[in-house]
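S.K.: Assemble the complex: chain W is given as a structure, and chain E must be docked to it using the hints.
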Amino acid sequence: MSFDRPNFRHPKLAKNSAGYSRTDYEGAISTLCAGCGHDSTTNAIIQACFELSIVPHRVAKMSGIGCSSKTPAYFLGKSHGFNAVHGRMPSVATGANMANRELLYIGISGDGDTASIGMGQFAHALRRNLNLNYICMNNGCYGLTKGQDSATADKGSVGKRGAPNMYASIDLCELAIELGASYVARGFSGDKQQLVPLIKGAIAHNGLAFIDVISPCVTFNNTSTSTKSYEYVREHIEATNTFDFVPLQQEILAQYSEGASQEVVMHDGSIIHLHKANSSEDVTDRLQAVNKLELEKKRGRLLTGLLYVNPDIQETHDIINSTLRPLNTLTEADLCPGNSALQRINESLR
Amino acid sequence: MNKRESVNDFVVRFANVNGSGSASANNLFARAIFRLGVPVSPKNIFPSNIQGLPTWYEVRINEHGFLGRRSGVDLAVAVNGQTLYQDYQEVLPGGYFLYDSTRELSEKFNRDDITVIGVPLTTLCNDEFKNPKLRQLLRNIIYVGALSFLLDLDFSILTESIEKQFRKKPKLGEPNIKALELGFAYAKEHHAGVCRLSVRKSKKLGDEILMDGNSALGLAAVYAGATVTGWYPITPSTSVVEAFERYSRQFRTEQDTGRNKVAILQAEDELAAIGIVIGASWNGARAFTATSGPGISLMSEFLGLAYFAEIPAVLVNVQRAGPSTGMPTRTQQADLLACAYASHGDTKNVLLFPCDPKECFDLGADAFDLAERLQTPVIVMLDLDLGMNDHICAPLVWDDSRKYDRGKVLSAAELDSRQEKWGRYLDIDGDGICYRTYPGTHPTKGAYVTRGTSHNEYAGYTEESPIYQAGMERLLVKWQTARSLMPPPRIKIRDTGFAVGVVFFGTTTHAAYEAISRMAEQGLEINSLRLRAFPFQDEVVEFINRHQMIFIIEQNRDGQLRTMLMTEIGVSPRRLQSILNFDGLPITADFITKKIQALLADEHQENLQVSQGGQA
Numbered sequence: 001m002s003f004d005r006p007n008f009r010h011p012k013l014a015k016n017s018a019g020y021s022r023t024d025y026e027g028a029i030s031t032l033c034a035g036c037g038h039d040s041t042t043n044a045i046i047q048a049c050f051e052l053s054i055v056p057h058r059v060a061k062m063s064g065i066g067c068s069s070k071t072p073a074y075f076l077g078k079s080h081g082f083n084a085v086h087g088r089m090p091s092v093a094t095g096a097n098m099a100n101r102e103l104l105y106i107g108i109s110g111d112g113d114t115a116s117i118g119m120g121q122f123a124h125a126l127r128r129n130l131n132l133n134y135i136c137m138n139n140g141c142y143g144l145t146k147g148q149d150s151a152t153a154d155k156g157s158v159g160k161r162g163a164p165n166m167y168a169s170i171d172l173c174e175l176a177i178e179l180g181a182s183y184v185a186r187g188f189s190g191d192k193q194q195l196v197p198l199i200k201g202a203i204a205h206n207g208l209a210f211i212d213v214i215s216p217c218v219t220f221n222n223t224s225t226s227t228k229s230y231e232y233v234r235e236h237i238e239a240t241n242t243f244d245f246v247p248l249q250q251e252i253l254a255q256y257s258e259g260a261s262q263e264v265v266m267h268d269g270s271i272i273h274l275h276k277a278n279s280s281e282d283v284t285d286r287l288q289a290v291n292k293l294e295l296e297k298k299r300g301r302l303l304t305g306l307l308y309v310n311p312d313i314q315e316t317h318d319i320i321n322s323t324l325r326p327l328n329t330l331t332e333a334d335l336c337p338g339n340s341a342l343q344r345i346n347e348s349l350r
Numbered sequence: 001m002n003k004r005e006s007v008n009d010f011v012v013r014f015a016n017v018n019g020s021g022s023a024s025a026n027n028l029f030a031r032a033i034f035r036l037g038v039p040v041s042p043k044n045i046f047p048s049n050i051q052g053l054p055t056w057y058e059v060r061i062n063e064h065g066f067l068g069r070r071s072g073v074d075l076a077v078a079v080n081g082q083t084l085y086q087d088y089q090e091v092l093p094g095g096y097f098l099y100d101s102t103r104e105l106s107e108k109f110n111r112d113d114i115t116v117i118g119v120p121l122t123t124l125c126n127d128e129f130k131n132p133k134l135r136q137l138l139r140n141i142i143y144v145g146a147l148s149f150l151l152d153l154d155f156s157i158l159t160e161s162i163e164k165q166f167r168k169k170p171k172l173g174e175p176n177i178k179a180l181e182l183g184f185a186y187a188k189e190h191h192a193g194v195c196r197l198s199v200r201k202s203k204k205l206g207d208e209i210l211m212d213g214n215s216a217l218g219l220a221a222v223y224a225g226a227t228v229t230g231w232y233p234i235t236p237s238t239s240v241v242e243a244f245e246r247y248s249r250q251f252r253t254e255q256d257t258g259r260n261k262v263a264i265l266q267a268e269d270e271l272a273a274i275g276i277v278i279g280a281s282w283n284g285a286r287a288f289t290a291t292s293g294p295g296i297s298l299m300s301e302f303l304g305l306a307y308f309a310e311i312p313a314v315l316v317n318v319q320r321a322g323p324s325t326g327m328p329t330r331t332q333q334a335d336l337l338a339c340a341y342a343s344h345g346d347t348k349n350v351l352l353f354p355c356d357p358k359e360c361f362d363l364g365a366d367a368f369d370l371a372e373r374l375q376t377p378v379i380v381m382l383d384l385d386l387g388m389n390d391h392i393c394a395p396l397v398w399d400d401s402r403k404y405d406r407g408k409v410l411s412a413a414e415l416d417s418r419q420e421k422w423g424r425y426l427d428i429d430g431d432g433i434c435y436r437t438y439p440g441t442h443p444t445k446g447a448y449v450t451r452g453t454s455h456n457e458y459a460g461y462t463e464e465s466p467i468y469q470a471g472m473e474r475l476l477v478k479w480q481t482a483r484s485l486m487p488p489p490r491i492k493i494r495d496t497g498f499a500v501g502v503v504f505f506g507t508t509t510h511a512a513y514e515a516i517s518r519m520a521e522q523g524l525e526i527n528s529l530r531l532r533a534f535p536f537q538d539e540v541v542e543f544i545n546r547h548q549m550i551f552i553i554e555q556n557r558d559g560q561l562r563t564m565l566m567t568e569i570g571v572s573p574r575r576l577q578s579i580l581n582f583d584g585l586p587i588t589a590d591f592i593t594k595k596i597q598a599l600l601a602d603e604h605q606e607n608l609q610v611s612q613g614g615q616a
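Just so you know, the sequences run in chain order W and E. Residue 330 in our numbering sits at position 330 of the first sequence; the count goes up by one each step and never skips. Residue 150 in our numbering sits at position 150 of the second sequence; the count goes up by one each step and never skips.
With the rest of the complex left out, here is chain W:
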């Protein structure tokens, strides 16, 4: 059961450049457990959309099955949502995107969805570089079925069920980079400062932007022995960069010290401004990105931030050279060749 929020709006609420207040980006009240990391992620999505002045009803929210996939009900209540079947968000999002390239697609998925049942769809959406903001709320366990380990649970990590996970974990960010993803980031639901700009960058990106959000499950996987608990993540987090997202036509106000920053100009002209710990790092270098992830893993650290971006890549519509008009707006006149053409076809079949 989801509950609606009251519609009351304070007249003096701050509005963005599109004329919407932050509350216009909210959805129904969450029915997830109190303290669930997913609710913080939902909030970061709301904040990012508000700050970027996204027109709420021009967003389509796509999801699969699981706790994470319930969240589209909890943000952007004026947008259509599609809570599909387990692991199949990417294909439904692909079809939706093909039908109308003008909407903004936010795909919400979890680690069960993405790293197990739907891994094939995850891989191929990346390969096709679908213009989709793919947010994986990753808690290392199956919450809705009471806490079984997922494929992203670290080996040896112990959740509430008490038995250590016996299998190697899948690093979705590394996998995404290897599969040709064009925007890969990792955030932590407890670090809104970092997560909001990561989402904003993803929205500006033309292609598949994948964000792996470590999002602790307070009920089943927040134990002192779990590597996906709030405490563990806070202690082991390592940011590769701090991050500013500068939307198109907005002045860069912050100043950065020479040599330690990198600017990435996105498809729509907006700029990602990275403040880096190490000036020799290049966020557009795939090899470096994978090496760094492995290196930090070896040190027992969880690398977060913008890991890799390729702003010049073609998205699916460009690859297949489809019309710039949304396909769902084409009519008989655009689509049907008519009877005289059919008679010529008949003639060729005689």
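Incorrect hints may have been included.
As the list claims (entries may be wrong) - Per label pair, the in silico range of CB-to-CB distance:
id : chain 1 : residue 1 : chain 2 : residue 2 : range
1  : W       : K298      : E       : Q255      : 52 to 62 Å
2  : E       : E463      : W       : C33       : 11 to 21 Å
3  : E       : R418      : W       : E231      : 49 to 59 Å
4  : W       : T145      : E       : E464      : 15 to 25 Å
5  : E       : N49       : W       : R301      : 50 to 60 Å
6  : E       : S202      : W       : S348      : 18 to 28 Å
7  : E       : N131      : W       : S348      : 25 to 35 Å
8  : E       : D269      : W       : Q343      : 36 to 46 Å
9  : W       : V265      : E       : D256      : 23 to 33 Å
What the hints assert, rightly or not - Cross-link-like lysine-lysine pairs, in silico, BS3-like; alpha carbons within 30 Å at most:
id : chain 1 : residue 1 : chain 2 : residue 2
10 : E       : K408      : W       : K78
11 : E       : K445      : W       : K15
12 : E       : K421      : W       : K78
13 : E       : K188      : E       : K133
14 : W       : K78       : E       : K445
15 : E       : K594      : E       : K204
16 : E       : K421      : W       : K15
As the list claims (entries may be wrong) - Quick look at which bits of chain W chain E covers, simulated, 3 or more residues with Cβ under 8 Å:
id : stretch
17 : 83–91
18 : 336–348
No lab work stands behind these hints: they were computed from the structure. The beta-carbon is built from N, C-alpha and C at its ideal position, and this holds for glycine as well.
M.R.: Only chain E this time, still in chain W's reference frame:
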């Protein structure tokens, strides 16, 4: 020896090696007969293989227009060493066996009841043509030339066909014509007066076309305005999407930009293929996919979502022989139950059953209207025989005044002018069909979350039993509406005493009509109903109930249509007798006739026993 003699009524069977370029030669032969106005039905009987295994091409020529498969070979053209003896054995007594006499036949080829016609295809070919790649193709053309003489088949029809085919590259046409002449000349010199089968120009055909069902379906999708397809290659459905792609290249390029007015995505599997269709349909584009049995199994979960969340989807199932991988290159009608009730829980899906390419085109286009009107999956049921073989049918027609029926979709203005509160699953018309909205329509109205979990009339999640149950019952109201929208069955009443009736669908049609005609000649008039859709209409119930005996003719083992008739319209199992062909080859009139006669004889015997008081 009594040689088989016939004008315009015989079967020629070509035995070739798969991948040896025989298809174009065999097509040339079949199309020539078609162009002479003689009804012809060619059938590929091919292996699940790209190169090397035996493949056959059966051409039935029939002046009466019976286009079903006929068993028995009058003339074999045997150019495959692997099956040479088998092909020799299968010629009917009095028939003819044409082979490549470059190699002599061994002693075991010793039948004295057939006529052997040797043409040294390889020698003729190699002496004339030097290009090794062309040789393989032209060797086949040479036997077509020989057939032209043997069957008295108008030679100019063949040369015209070649000229038409190579209109843009006349240089390539020349060796083909030369090959035809070689074969013709050799047969004339060595086999004059040998063959008593012949093809004579006929007025039987008028403006008909010769086309495969899959191409017709792909073309229907273009005409019906499909713009999105996700698909995964699987025999025998692949050529549906290939045809869609081919016709899209022709008709769907934006003049000013060169961009495509279509999105065709080869998916990673069938799950993704139907997922793409559902996503696109949900977002207001017409979308479809094509698959075969194994794909249906994989798509089942998604079909349940589309049924329950009420999203249009058009799916083409070109059926092949199952279960499991079964016989991927053989035909069957064995996915009825899997499609009608695809997915867990209580689901029912609309099925359409075309019987020829013309109907593939018509029902294929209608499927898009029906799916959007009913907001549910519609599955067009072809089979390999219909999909991959050429069939003669009436020419295709499109009514230029036809508008796509996009169903109940609210625009922004309609949302604004609505008095009552809109509910995605609120049935205000009483037909079980509710109003939907596309994403992005209106700033504040019409948004909802589509879900496969139970929902109330306003699309909110609910687990309240009465609300869930009411929703499930409304889907049955919609199912009743669907019945009224289905294409009606084709009923032919020949016996007003209503003694015997037969029910069939799809590619059984041609063989069934031929069997009915044969039995009529023997004095038994049989009424028939050709089913074209599921859910079944009242006419189907009435037809069955009016007859003393009903035969259900299907191409599967378990009598799947019979099962559906029993459960859906409550016909007593005792009243429905099955006639089942499931060997993977198209059903024949012979088979149907024999089965019906045997069952009628049994019945007669039983009645006799009853009237005599039975036996202890």
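S.K.: Check each numbered hint against the structure and report the violated ones by number, ascending.
M.R.: none
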